[in-house]
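Engineer: Quick mapping for you: the protein sequence lines, in order, are chains R and Z. By this note's numbering, the letter at position 106 of the first sequence is numbered 106, and the numbering carries on one by one without gaps. By this note's numbering, the letter at position 292 of the second sequence is numbered 292, and the numbering carries on one by one without gaps.
Calculated directly from the structure, the hints in this document are not laboratory data. Do not take every clue at face value.
Intra- or inter-copy, both count: the list cannot distinguish identical chains.
Claimed, not checked - Listed next, the in silico DSBU-like pairs over lysine-lysine satisfying Cα-Cα at most 35 Å (straight line): (1) K226 / K50; (2) K374 / K385; (3) K226 / K79; (4) K84 / K374.
Below are the chains, spelled out letter by letter.
Number of protein chains: 2
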Amino acid sequence: MRNCLVAQSGGPTAVINASLAGVIRANQLNPFYDRVYGGIHGIEGVLADKLYDLTELSGRELEILKQTPSSALGTCRYKLSREKTEDYQRLVEVMDAHDIECMFYIGGNDSMDTVDALSSWAQANGIAKRFIGIPKTVDNDLVPVDHCPGFASAAKVAVEITHATYLDYAAYTRPEVFVLETMGRDAGWLAASCCMSGDVDLLVLPEVPFDKDAFLAQVKRCMDEKNECYIVVSEGGRYADGTYISAGASANDGFAHAVLGGAGLQLKQMIVDAGIAPRGVVQDLSRAARSSNFAQSLVDVTEAYELGMSAHMRSADGVFTSSVVGIKPRTSLDEPYSAQFFAGPASEFANYVKQFPQEWILPDYAGITDEAKKYFAPLIEGEPKLVYENGRPATIVPFNQR
Amino acid sequence: MRNCLVAQSGGPTAVINASLAGVIRANQLNPFYDRVYGGIHGIEGVLADKLYDLTELSGRELEILKQTPSSALGTCRYKLSREKTEDYQRLVEVMDAHDIECMFYIGGNDSMDTVDALSSWAQANGIAKRFIGIPKTVDNDLVPVDHCPGFASAAKVAVEITHATYLDYAAYTRPEVFVLETMGRDAGWLAASCCMSGDVDLLVLPEVPFDKDAFLAQVKRCMDEKNECYIVVSEGGRYADGTYISAGASANDGFAHAVLGGAGLQLKQMIVDAGIAPRGVVQDLSRAARSSNFAQSLVDVTEAYELGMSAHMRSADGVFTSSVVGIKPRTSLDEPYSAQFFAGPASEFANYVKQFPQEWILPDYAGITDEAKKYFAPLIEGEPKLVYENGRPATIVPFNQR
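Generate coordinates for the entire structure from the input sequences, incorporating the hints supplied.
Structural biologist: Okay, here's the thing in structure tokens:
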């Protein structure tokens, strides 16, 4: 018997299940492993021996799994500590008990760190287990890749909701501002992608220290010019001293405002307080952008699925360890889009944050450059053909609820 | 020359432009009017003589108009006062100047009141102008109809985002509550529709006086039972004394909490304060549900379009005035769905609010009955085939921006 294990970790995405489906389907095409086990709730469930046998999922179940948003195995925020090796030993015990030789871990940069730590520990202790990472994150902040599965679908939802809410906002004559807030604590990729809708007047990113006076001057200019101002802000927008906009005024301002809520609410309030517009509307996209199946990107679903397959196929070489599969950075943004896969050491994927490039940011909060738009464009085009049940996009019953 | 005018008013919806397209297309099929003018920004723009000639829109433009969310003519909140007849006279002046004999007004119950007022005034003063209403509202609160165009698409978005955010929420093990807030100030239709996703544990509607202790007891029971609780609340949820949940604690509580924000944030805070869950996630759907073209309901688009056509066709009789077209209430929810249209006096559509029926509400915030589900089901099924441009659903450039 030679089995494998696949688990999901960190924040869900619209296509993290497509990567899971890819691993399962690859093993059906080439049954290198006798069983494919799913770990329930990431490492947390695996340590508790909570596994679900995914080997024989039907073609229809796999199709529906591919289009089901969020993490069908359940997720966790549990991080293995390099000091706490009893967790490592417990994990190997569980793997041994089920003849599991290889573990695939689908997650963000914390999870890639786990892959790295487990691999190093196994190698150092002569344990013949392999750990392979499959990245995902809506934040798109992994360093060595062109982009990360999950991001493109989140961006597609963000772009379409930007456009729809802009049209809604622009239908009125009364003077007010509109502020859309997106996820993205340390990197502004998702907020920046909203500019693809063509409707964004001002963009506030974590990558540019927030200057309240300069920002308000731009809002005023915009309102004076056309009596409307559509603003997108990343939840991670912050002042030069590191204070988040969402935390209230910068510490340098002497006192914090009493306004609660996120960055969007704060921006609206400071615009109203400054007398630039008498009112404003705030839309916090929050999780609505993260796991949807009504605006998945076809490119994203396909790539997530193929990355899962690629990880399985590379593992079937039998020599592959401590590696993460990813999408190669494009060499040119002017050529037709085509994803190329590669595998690299887990250490290169973990613990770094790739920010939105400074050279793609226009001054004065004016949005993004044409080069940035060329980067985003192919990622958000196309929709998968969904399977419907009772008039609604079908979703699989999560394995953690079975 | 005999021309007509069509204008939009009130909050945008996903399909208010489909009704506009229906009027324009009907006149292309039977050119009863020489010109079809669009009034920019509702009555406000008409009074300022801001018209746009829509007569010759191409088939492709009409297709794209049908799928463009929000109000392509622009909207207004301006309400004609029955006392301020100079507005009426000015309107007739503008209509005369453009040989406009009939005006179609697409809007909610305030707009239907405008139709009623204008018609009465014209008849009383022997003015040969006709005013015809075409209803729309995401709130679904018009009295004499089965449902109102715009509602079904908003409900569809709400249902799918409910399901997606539920799957996201349910992927975690940590104890927390999830609260989704929807629009609906006085009627809970949109909040109630979220129950169609099958994921809602507790539902808070404006129709049921909010009892904090009883509600918290249900949250506790739910968390004790399964360590999760997915709550939907209408922005109009309120205490027995009429205080909105969003305004803080009920006036009867003696003092208002300092928590700002909507009903969702308030519910989350009271759950955390009561020690039932250490944390919670709040998602405010807000306008993201109102004007989308990524989850339009096919039934809704078709009905909105056909209501526009029906209004035009009935007006071509030459005898029709002060009337509103609508969808007849179903006689049975057990038969296959089929929309039947009717026309009724504007006064019956205006100034009443149809609440979500008490007999469709389960006790203890437990959601909606099977009868209610039978009502919602056919409305949210099916998607229109969208026209794409550059990989994204095409939308028309709003006429108020040309």
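Engineer: For K374 and K385, with the copy left unspecified, which applies at a CA distance of at most 35 Å: within, between, both, or neither?
Structural biologist: Cα proximity of K374 and K385: in one copy and across copies (25 Å, 27 Å).
Engineer: I want to check one pair: K226 and K79. Are their C-alpha atoms no more than 35 Å apart within a copy, between two copies, both, or neither?
Structural biologist: between (50 Å within a copy, 25 Å between copies)
Engineer: Between copies, within a copy, both or neither: which fits K226 and K50 at Cα up to 35 Å?
Structural biologist: For K226 and K50, only the inter-copy Cα distance (18 Å) is at most 35 Å; the intra-copy one is 58 Å.
Engineer: How would you classify K84 and K374 at a CA-CA limit of 35 Å: within, between, both, or neither?
Structural biologist: neither (45 Å within a copy, 54 Å between copies)
In summary, the one numbered hint that this structure violates is 4.
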